[in-house]
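4 protein chains.
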Amino acid sequence: MTTPFESLKARRAPDWQAYCEHRFVRDLAAGTLPEAAFQHYLKQDYLFLVQFARAWGLAVYKSRDLSEIRQGLDSLKAIVDVEIGLHVNYCVSWGIDEAALSKLTASRATLAYTRYVLDAGMSGDLLDLHVALAPCIIGYGEIASWILRQPFTRHEGNPYADWIAMYAGDEYQALVTSELEWLNRRLAGVDEQRMDQLATVFGDATRLEADFWQMGLDLT
Amino acid sequence: MTTPFESLKARRAPDWQAYCEHRFVRDLAAGTLPEAAFQHYLKQDYLFLVQFARAWGLAVYKSRDLSEIRQGLDSLKAIVDVEIGLHVNYCVSWGIDEAALSKLTASRATLAYTRYVLDAGMSGDLLDLHVALAPCIIGYGEIASWILRQPFTRHEGNPYADWIAMYAGDEYQALVTSELEWLNRRLAGVDEQRMDQLATVFGDATRLEADFWQMGLDLT
Amino acid sequence: MTTPFESLKARRAPDWQAYCEHRFVRDLAAGTLPEAAFQHYLKQDYLFLVQFARAWGLAVYKSRDLSEIRQGLDSLKAIVDVEIGLHVNYCVSWGIDEAALSKLTASRATLAYTRYVLDAGMSGDLLDLHVALAPCIIGYGEIASWILRQPFTRHEGNPYADWIAMYAGDEYQALVTSELEWLNRRLAGVDEQRMDQLATVFGDATRLEADFWQMGLDLT
Amino acid sequence: MTTPFESLKARRAPDWQAYCEHRFVRDLAAGTLPEAAFQHYLKQDYLFLVQFARAWGLAVYKSRDLSEIRQGLDSLKAIVDVEIGLHVNYCVSWGIDEAALSKLTASRATLAYTRYVLDAGMSGDLLDLHVALAPCIIGYGEIASWILRQPFTRHEGNPYADWIAMYAGDEYQALVTSELEWLNRRLAGVDEQRMDQLATVFGDATRLEADFWQMGLDLT
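If you read the sequences in order, they're chains A, B, C and D. Just so we're aligned, residue 1 is where the first sequence starts under this note's numbering, counting upward by one. Just so we're aligned, residue 221 is where the second sequence starts under this note's numbering, counting upward by one. Just so we're aligned, residue 441 is where the third sequence starts under this note's numbering, counting upward by one. Just so we're aligned, residue 661 is where the fourth sequence starts under this note's numbering, counting upward by one.
If you are wondering where the hints come from, they were derived from the structure by calculation, not from laboratory data. Source: prediction; values computed, not measured. Heads up, some of the hints might be wrong.
As the list claims (entries may be wrong) - For lysine to aspartate or glutamate, the following DMTMM-like pairs were computed, each having C-alpha atoms within a straight-line distance of at most 20 Å:
#  : chain 1 : residue 1 : chain 2 : residue 2
1  : A       : Lys103    : B       : Glu288
2  : C       : Lys543    : D       : Glu728
3  : D       : Lys763    : A       : Asp196
4  : C       : Lys543    : D       : Asp725
5  : B       : Lys323    : C       : Glu632
6  : B       : Lys297    : B       : Asp285
7  : B       : Lys297    : A       : Asp65
8  : A       : Lys103    : D       : Asp856
9  : A       : Lys77     : B       : Glu241
10 : D       : Lys737    : C       : Asp514
11 : D       : Lys763    : C       : Glu508
12 : B       : Lys323    : C       : Asp455
13 : D       : Lys763    : C       : Asp505
14 : A       : Lys103    : D       : Asp675
15 : D       : Lys763    : A       : Glu192
16 : D       : Lys737    : C       : Asp521
17 : B       : Lys323    : A       : Glu68
18 : C       : Lys543    : B       : Asp285
19 : A       : Lys77     : B       : Asp285
20 : D       : Lys737    : C       : Glu523
21 : C       : Lys543    : B       : Asp235
22 : C       : Lys517    : D       : Asp725
23 : A       : Lys103    : D       : Glu852
Next comes chain A alone, as it looks inside the complex (with noise of 0.2 Å):
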């Protein structure tokens, strides 16, 4: 049985695919992706971070009730007080200190990505919120088992294993199936007019975080 997200990510599949399956993906997975791409991108991830939390301020915003709010906190939380932490240490282990994140410069699809989903939580409501963030929060999950299924993947001696082996591995998936949860719940309810708006979000979306991939590569 196909769930509702399956259906959302249909209507905008090759826009999934793109991004799923970008060379920046496949190159990490393949561990030829040049060095200075990953550090781009990387420090880009840093300002990503900080207004993800704000996507998470605005969860709580959004919240009609008590559970809801603590949704919002338990993954500004995460993001905050764990992420944000293990980022800037994994950033050092690739050369890029504390200093040099504060300084960064937003790129454009950095700013692109961030700002559609603010905009699309605060003019629509929590759900049009969390189908925004859906190409980075599940994407992230699905890219990563991706990369491990794949022939070309380099398992031994791959610089990006620790990448790899974060979002495969079994917390990151377990939030997965967590926010999948929440999402196929909610989806569940909308009627077909509803599902078109979603759709759209999601799609836009997706193409601003293939973007994101594709901004690594640029730089080099």
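Once you've looked at the hints, dock chains B, C and D against the given chain A.
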């Protein structure tokens, strides 16, 4: 020397005094406040806390950098992870169980103050939001200190002694000091026209907080 | 057959009746409402219109396409380009000049209802916004029609005849019909859980609009 | 004497120059811009106008008084009641009919700039919103004037002569002057820290507007 926040209060002195020295506050200090009035206040204060959490979610959304995000998140965690739990327990000690709390209808005074704060913060900036919250955050600290100094305050056997002690206590007063520092730093850079806008927000919010006291009395 | 909006009203029947058949409305119908009560209402209604304009600005921001933008803009123009001017003139005929209007302080009831609407619309979607405005837009039309049918209504020499005639008149009733059509179309696609949320918004907004009547009486 | 807005531009001089003297602009001035590039730009500019209308709706929501509401409404009417119609007609003259406009998919550059403006305005205040719109409102006026002064500009038989004439014309230049007055008045009261924030908004918005030109070129 007058701090910027003291100047702000001075512009709305009658409203501020009417709020801080409200009959609800005086009767609570004297221990003569009817229990039903206090219980009604406690119940609505629970609903207030839920909206207060939304306001800090909004503060996170409105943040321009990670340090502002962290400030909003700390306040959000304080409410959702600590204060709401303490409040629920305190309500139980007054004979109001959690099931009752979850079924409450928001009173007009609760709707009025909370939505005013949220709209002031959304349509204005982070400073508008903090100024709209000041009658609550700063006010409760001033009120508890004021109560301790009044000749009519009943210190022994006052049924509301716990409430007074909490807001007069070191932990809450430290929070007030920290909020005052933030407000004074931000208000210092503000020109006259902006100060007029903030005085309107501050005065409106103070009047609506006074109604929150009145709501308790009107019940009885 | 029951329309979706009638179902919504039925869920909050006591609140709706208390609002539509409020003593302020009855006394206005009978022509016995103290002039000072009506003048206070008129002054605050001016401040209400300013916030009402902000609500239609919000509707434009929340729009997903040009036809939604045009709908919001039409309402915005109706208020800013027409109604506010008529209201100012009407106030003059009641001895309230424009200088007085520009110096008014918003009453608690005005702050409460207007900010509730704005927050419901911002945190929810366009349907939440319209539902929060329904007690005003639809309510005034129902109230004027109801007044015309009551045996105690004074048709000759009623000082409030102009007010009644305006809202009972064809132009305003056409606007009500059009808003009802929009609401019924949108509400038709809504599931039970969403209807619960909307009933809360509708009930809260109706209670706060009733306070707007009460505000006039309390003055006297 | 340097106006506040000139100071703001000076802080982001390279971004501003790269935008105003972009190859798209130069080729348009010389009349050598490929038609397909211009047509792609025209189509996306239609989608831009729809979001621009949302931005003025946001300005109305953000207003603190009736004069601010009127300013936002005037801009909103200019776009929805005038400019969109003119744009549709202009598109027709370039072989793009209205049915095609209604089926467009927003390009990344369109999503990026429009959502950046909307989030800057929502999370900041009215000044942030106007500063984010300045590359568009002020920029188009400067660009058209600059084109008229360049030696390489083709004045006779330039297929883009209408476009240049519109933005260099008295009507549009008067709008630019009026917007500059508003900006300079507001920026005058701003302290150094706030100016830093606004320079970030201005620089980001300018880069994203430059991408809007680039989008046209990349197509070809």
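Each hint, compared with the structure:
1. A/Lys103 / B/Glu288: Judged against 20 Å, a Cα distance of about 17 Å means the pair holds.
2. C/Lys543 / D/Glu728: 17 Å, holds
3. D/Lys763 / A/Asp196: Holds, because 14 Å separates the two Cα atoms, which is no more than 20 Å.
4. C/Lys543 / D/Asp725: 12 Å, holds
5. B/Lys323 / C/Glu632: 18 Å, holds
6. B/Lys297 / B/Asp285: 18 Å, holds
7. B/Lys297 / A/Asp65: 16 Å, holds
8. A/Lys103 / D/Asp856: 14 Å, holds
9. A/Lys77 / B/Glu241: 38 Å, violated
10. D/Lys737 / C/Asp514: Satisfied, since the Cα-Cα distance of roughly 10 Å is no more than 20 Å.
11. D/Lys763 / C/Glu508: 16 Å, holds
12. B/Lys323 / C/Asp455: 17 Å, holds
13. D/Lys763 / C/Asp505: Judged against 20 Å, a Cα distance of about 12 Å means the pair holds.
14. A/Lys103 / D/Asp675: 17 Å, holds
15. D/Lys763 / A/Glu192: Cα-Cα ~18 Å, so holds.
16. D/Lys737 / C/Asp521: 11 Å, holds
17. B/Lys323 / A/Glu68: 17 Å, holds
18. C/Lys543 / B/Asp285: 38 Å, violated
19. A/Lys77 / B/Asp285: Holds: A/Lys77 and B/Asp285 sit about 16 Å apart, inside 20 Å.
20. D/Lys737 / C/Glu523: 17 Å, holds
21. C/Lys543 / B/Asp235: Roughly 17 Å separates the two Cα atoms, so the pair holds.
22. C/Lys517 / D/Asp725: Cα-Cα ~16 Å, so holds.
23. A/Lys103 / D/Glu852: 18 Å, holds
Hints 9, 18 from the list above are not met by this structure, while the remaining hints are.
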